Structure formats: structure tokens, C-alpha cells
Amino acid sequence: MVTVQLARAEPRSMESREDQEIMTVDIFLESTLESADWAEKLVLEAAEKLGFEEDELHRIGMAVRETVVNAVVHGNRYSAHKRVRFRIFKAPDHLAVTVQDEGNGFDLSALPDPLAQENLLQQSGRGLLLVRAFVDKLEICRTAAGGTQVRLIKYLPHRPPEKASNSV
Amino acid sequence: MSIQVTTRQVGDVSVIDVVGRITLGEGASTLRETIRGLLAKGNKKLLVNLGEVSYIDSSGIGELVSAFTSVTNQGGVLKLLNLTKRVKDVLQITKLYTVFEVFDDETRALQSFA
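Chains A and B, in that order, are what the protein sequence lines are.
All you need for our numbering is the position in the first sequence, starting with 1, plus 7.
All you need for our numbering is the position in the second sequence, starting with 1, plus 118.
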């Protein structure tokens, strides 16, 4: 469930490494699985407007779902007192999403490799692998409060160059 | 619709037809309960038909793996039928495509249990 809506179409400047990004969604989500549905729906709406095709939409939706589920389950541990900040940014050449939890952070290097032979039959641990596979860039950092922020970037589909005019 | 799971018996093989999304929560738990129920009844030849699965997340994949190991540990066999492109993609990314025995044709899949 969406609880707070902070801003719309606000230029992203202070923390941006992509200075042409415009923030179009900035909301706080409760630490429930329904939040993954909300986040997926919102990013699919944004991505569809940007011209991503069906297979790419599926990958974007899934990457966002997995990321929000991680924030809810592993970051905030379903706490009713913690929320997930979810933002969508649009830029001329890409779509970016940030998901920020209020958990205690984690050591990326300590995560087991889900592709290692001994882990192939583990029940969990594949979420981040799928996120990596489905986006063009994945950045993970610790927030000032100690939680985790994940930033996903997907570049816009290549548009064919405009045809030269056939002037006679 | 999240998920719909139905089972049918073809000879000694239980075919589990899954329709919809297998995701963390209802989708994954419905599949888990179905497979547990079949194992509890002594059905140890399971064919999971994923032809109508539009979406599977890492938890859904985890449920398939968990079902596979549970069935195998009880001396049974679990195979997959009719993977959609999206399910196949996820199984390939996770290197599980070669772990499961996968079929595109139900008759051949059923014959393989003989």
C-alpha cells in the first residue's frame, strides 16, 4: 500500500550521477509483499510510456519486483515501522529506479553464489542474480541511515534513425 | 488472477497444471501445498505443466527447486512440461535448465516416466 507521496516531476540534482534525470515517482511503501505489486505496476506504466517492448517490460517489472521484495523481506524484515522509498526517474536515454530500505544493510561479498554447483538446489538466493540479468546497470550502496539503496538503470530501446527526406 | 493449480491423474503420473503467476506469497505457497499433498498421498511421479505460467520470480523458482528435491529425496521424480519463453529464460539464467528434465510434449513426457 502506498502511504506517502512526496513529489512529482522534480529535477534530480543533489545525488544524481545522471544529470538529465527527472523524478516522476517518489513514494514510501509499507513493508508488505503488496508493495512489490505497487512498484511493479508503477514502473511498468512508466516504462511503457517510454516505449519499452513487451519482453523488456517483463524484465523491468521483474527486476523491480525482486528488488522491492528484497527490501521488504531482507531489509525491513516486514516491519510495520519501516518503509521502502521507491523512486522512478526518466532521462532521454534511460529509465532509473531506486529502492531504499530502512534495514541494517548487508555485505554483498558475503552472499553465496547462486550459480555455484553446491548452491544450485538452494531454495533461495537468486533474486539479485535475476535483477542483474534484467537491467543494464545495478548499483547497490549503503544509505546514511545504514539501510540499503539499490539503483536500477535500463536504457531506452534503440530507435531507428529518422529516414532521410526524399527531396527531389 | 495470481495462480490456479489443478491436478489430474494420467496413469500413475500426477500432472499439475499451473496457470498464472508463481511469485512470493500466494502463488508459490499454492504450488507448494499442491505438491506436498500429492507426495503425502504417495504420488511420486509428478509432471508440472507450466505452459500457462506468465510469470515466475525467484521465489517461484525456489519452490520448483524445493519440490524437485523433496520429490527426489522421497524416491520420486519431478519433471517439467511446456516451459514458456519467460520461464525458460529464468531457468537458464539460474542454471537450472539442465537440472530439471524438461518436455515440450505431454505424451512424450508421460512415456518418460515408464
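No wet-lab data here; the hints were simulated from the structure.
Don't take every hint at face value.
[Unchecked claim] One side only, chain A facing chain B, incomplete, derived with CB under 10 Å: (1) GLY58; (2) ASP62; (3) MET69; (4) LEU122; (5) LEU127.
In this text the structure is predicted, and so the values were computed from the model without any measurement.
We put the beta carbon where it would ideally sit given N, CA and C, even for glycine.
Against the structure, the hints:
1. GLY58: 20 Å, violated
2. ASP62: 8 Å, holds
3. MET69: Cβ of A:MET69 sits 6 Å from chain B, so the hint holds.
4. LEU122: 5 Å, holds
5. LEU127: 6 Å, holds
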